[in-house]
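Read left to right, the sequence shown gives residues 19 to 284 (the numbering used here).
If you are wondering where the hints come from, they were derived from the structure by calculation, not from laboratory data. Given the structure is predicted, the values throughout are model-derived calculations rather than measurements. There's no promise every hint is true.
Claimed, not checked - Derived Cβ-Cβ restraints for the label pairs, each shown as a range:
1. Ala264 to Val176: 49 to 59 Å
2. Ala62 to Arg166: 26 to 36 Å
3. Arg39 to Met19: 47 to 57 Å
4. Asp147 to Ser50: 24 to 34 Å
Claimed, not checked - Under the rule of at most 20 Å between Cα atoms (straight-line distance), these lysine to aspartate or glutamate pairs were calculated in the EDC-like manner:
5. Lys69 to Glu59
6. Lys69 to Glu46
7. Lys69 to Asp51
8. Lys69 to Asp42
Beta carbons: idealized from backbone N, C-alpha and C, even for Gly.
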Amino acid sequence: MLAQQRQQAILDRVRSSGGVRVADLVREFGVSDMTIRRDLEVLAERGQVAKVHGGATAAGPGSTEEPGFAVKSMRQQPEKEAIARHAARLVRPGTAIALSAGTTTWTLAHFLVDVPDLTVITNSIWIADVFHRSPRADRTVVLTGGVRTPSDALVGPVAVAAIRRLHVDTLFLGVHGMSARAGFTTPNLLEAETDHELVASAHRLVVLTDHTKWGTIGISTIAELAQAHVVITDSGLPDEARDELAAQVGELIITQPQPESEAITR
19 MLAQQRQQAI
29 LDRVRSSGGV
39 RVADLVREFG
49 VSDMTIRRDL
59 EVLAERGQVA
69 KVHGGATAAG
79 PGSTEEPGFA
89 VKSMRQQPEK
99 EAIARHAARL
109 VRPGTAIALS
119 AGTTTWTLAH
129 FLVDVPDLTV
139 ITNSIWIADV
149 FHRSPRADRT
159 VVLTGGVRTP
169 SDALVGPVAV
179 AAIRRLHVDT
189 LFLGVHGMSA
199 RAGFTTPNLL
209 EAETDHELVA
219 SAHRLVVLTD
229 HTKWGTIGIS
239 TIAELAQAHV
249 VITDSGLPDE
259 ARDELAAQVG
269 ELIITQPQPE
279 SEAITR
């Protein structure tokens, strides 16, 4: 087993059980104590686990912790590419779509620049800029305005008022976290209010979320799991999460990320 595969297996165990012991992992994987400790060090440096005496525990973020756009854009890039590539297949020429703010939806925007006769509603400066850099005469982009969050979403009363009278065929929603108990969540109360309005404006809700979001809970719920018509995620999603989502959402799509060396560079 490669180190990367072993580390992912360790991370899956931490997420499912809440913690692991070095001695148990040594027996399970048949490697040295030092190898397991190095694996835990790697995972801890990524912020995926918290090292404790004799093992590691889950390192879930606080419910109001909100990383910036630049930080989030560097995480799970192959997974986001795979999710966005599949999501782009759901967009037809001549339709109106909304893209919520987020790095996965921003990745999706790059796959949509050549779709003709498209109307795009977004509360993300980054997403609007993607389309601005690849102009088309037959495309309309509406940027809602609003107060800027740490992750560069435009939120608040101005954004809500702009969205309230709009109707779109499909909303592609990026989320901070998801769980069976809390649904799809965000760490920002104003962003939750804005996203609620986006959900209400859409005929179809498509949630784009990589596997690391499972079990993360932000302070405010955007939508319940059952409200999603489609959830597109990646093959790193734990089995129990697949079962829960498959039982609640309209359609669950699992994508297979490419190796980082083959991922698109922008």
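Each hint, compared with the structure:
Between Ala264 and Val176 the beta carbon distance is about 38 Å. The supplied range of 49 to 59 Å is therefore violated. Range check, Ala62 to Arg166: about 31 Å between beta-carbon atoms, so the 26 to 36 Å window is met. The supplied range of 47 to 57 Å is broken by Arg39 and Met19, whose beta-carbon atoms lie about 19 Å from each other. Under the hint 24 to 34 Å, the C-beta atoms of Asp147 and Ser50, about 49 Å apart, miss the expected range.
Only pairs whose Cα atoms come within 20 Å are accepted, and Lys69 paired with Glu59 is accepted, the gap being roughly 8 Å. Note on Lys69 and Glu46: the hinted pairing holds, with a Cα-Cα distance of about 19 Å set against a maximum of 20 Å. About 14 Å separates the Cα atoms of Lys69 and Asp51, which keeps this hinted pair within 20 Å; it holds. Using a Cα cut-off of 20 Å, the hinted pair Lys69 and Asp42 holds, with the two alpha carbons roughly 15 Å apart.
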